[in-house]
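Enquirer: Here's the letter readout for the chains.
Protein chains: 2
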Amino acid sequence: MTTVLISGLGLIGSSLARIMKQSVVQPTILGDDPNDDTSQFLLGQGIIDERVKLLNAASRADIIVLAGPVSVIIKQLTQLATADLKPDVLVTDVGSTKMQVMAASKPLQQRQIAFMGGHPMAGSQQTGARAGREDLFDNATYFIVDGSQTPAQTAQFKACLAPAGLRWVTVPAVAHDGLVSEISHVPHVLAANLVNTADHQLKHDAVGLSAAAGGFKSTTRIAGADPTMWTAIMLSNSEAISSQLTTYVEQLKQIQAAIDTHDSAKIYQFFAHAKAVRERLDQEEKKQ
Amino acid sequence: MTTVLISGLGLIGSSLARIMKQSVVQPTILGDDPNDDTSQFLLGQGIIDERVKLLNAASRADIIVLAGPVSVIIKQLTQLATADLKPDVLVTDVGSTKMQVMAASKPLQQRQIAFMGGHPMAGSQQTGARAGREDLFDNATYFIVDGSQTPAQTAQFKACLAPAGLRWVTVPAVAHDGLVSEISHVPHVLAANLVNTADHQLKHDAVGLSAAAGGFKSTTRIAGADPTMWTAIMLSNSEAISSQLTTYVEQLKQIQAAIDTHDSAKIYQFFAHAKAVRERLDQEEKKQ
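Which chain is which? The protein sequence lines are A and B, in order.
Its first residue numbered 1, the first sequence is counted upward by one per residue in this note's numbering.
Its first residue numbered 1, the second sequence is counted upward by one per residue in this note's numbering.
Calculated from the structure, these hints are not laboratory results.
These numbers were taken from a predicted model, which means no experiment stands behind them.
Possibly wrong hints are sitting among the right ones.
All copies of an identical chain are treated as equivalent in the list; a pair is satisfied when it fits inside any one copy or across any two copies.
Here are the simulated DSS-like pairs of lysine-lysine, each with C-alpha atoms no more than 27 Å apart in a straight line [to be verified]: (1) K253 to K203; (2) K253 to K158; (3) K86 to K253; (4) K106 to K53.
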């Protein structure tokens, strides 16, 4: 019998619990979340079996999943480093950035406790346990950053999440943080900046943003995400994000110059290349 | 009996034809398009009644809708200025920018032919007559730029498109071009630039773009749009686009500085404001 303790029962944590309950492993799930409503809801649905506090229940777990924001994960790793734990427990996390988390897991690992960094690449502008879905990660990439876990522990964790059909990808922490900055963190900054700039410019326009067609809406959908979470992400991955924003602006200035000088060949090439890359992305999705 | 001639039977033109066929006006629709396949398809579906050439059939029309790219519309306005036309014909267009179009309509208007600028705010990354839909514009904004049309002509045009439930908004050409730059043209440049920058940086990464989750995909959906059309739009609205890109970059540098200095209050404020604006946008959509 496997016991999984999930701390943080928001969108990600509660979705992981839902998936694990569908797996052949059939783990007992202990859930830790400060929110009473969330906890009662998940207990009522049978998605968690028992509501616990992380430090009180940690000694009962075979797998501990830290599913709060990165700042909370870091605090919890420090607490777990001196907590009573099963000797063969696997501690893992789902934080959006990995360099800070891996550094914070060092004291735990020095105690010979297995730690594995993790990050499922999915999400929604929605948050909270009620928005969790057992299909949230279907066919998504789940990044693993190797810590000190054994192959058997990795296999058991993957077995718990087998129903989601995840694509497991092992990467070093620094590569992970650069990659997610490019495909998630920077896009969030750009979308929020577009919404803010447009709002500022159109504020006194009676038609304004309400005329925006589907293109604007889809481009800025992610700007509706939780500001607390995204502030934490900016702080925990600031170097990669800032460096990529610099590159983005350099490229943007090149296309702006082409627009200024009516360089139609260069403008066409810019849009044609983007279309080709974008279509490749859709094709890869279909292949999965 | 009203006869409408639509020149350019792509996504927009063919959708307008579909809507008009649902209206109580029940116009006869003459369709002009160089593409044989498109024309046969629309004839077969009863969406157009007859395939014609614009200049040969212009004298039979009560309403002429120019639904090609802006560069083609400008050429056609010059041709129509010397063509045989009914004295009370209404000429209108659906071009994405209006200042150049209004200027090009001057010779026609000087002949006392009524011209009205128009621009339905909808679209899709799809193109072509087969992608046309009678619900493409449902509840969308249709901009009108007053030229020399009479109120009766405007009313008749609106009656033809009544089934779409459009929100008709009259604006000056310069305000229109600034607005669509902000809510459509600039977002396209930003999305294409994001795709190109990410592709360049991730090209040698085995995981690369394929790990991109929903956020990246929705943010860059419009980067899959037709490069020929978007090059033409950039050329026809370059001043507004370039000026807004400058503002965008200035704002982006401010948030980048906040990320660099870990100014969490400023970062939070940035995301919180974007979330508020974005939610207002969704609420306005629901109200409609």
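Enquirer: Against each hint, give a clear statement of whether it holds in the structure.
Expert: So, going through the hints one by one against the coordinates:
Taking CA atoms no more than 27 Å apart as the test, K253 paired with K203 passes in both settings, with 26 Å inside one copy and 21 Å between copies. For the identical chains of this complex, K253 and K158 are neighbours neither inside a copy (45 Å) nor across copies (41 Å), given an alpha-carbon limit of 27 Å. Neither within a single protomer nor between protomers do K86 and K253 lie at most 27 Å apart by alpha-carbon distance, with minima of 56 Å and 49 Å respectively. With identical chains, the CA atoms of K106 and K53 are at most 27 Å apart within one copy only, with a shortest distance of 23 Å there and 75 Å across copies.
Consistency note: the structure conflicts with the earlier hints numbered 2, 3.
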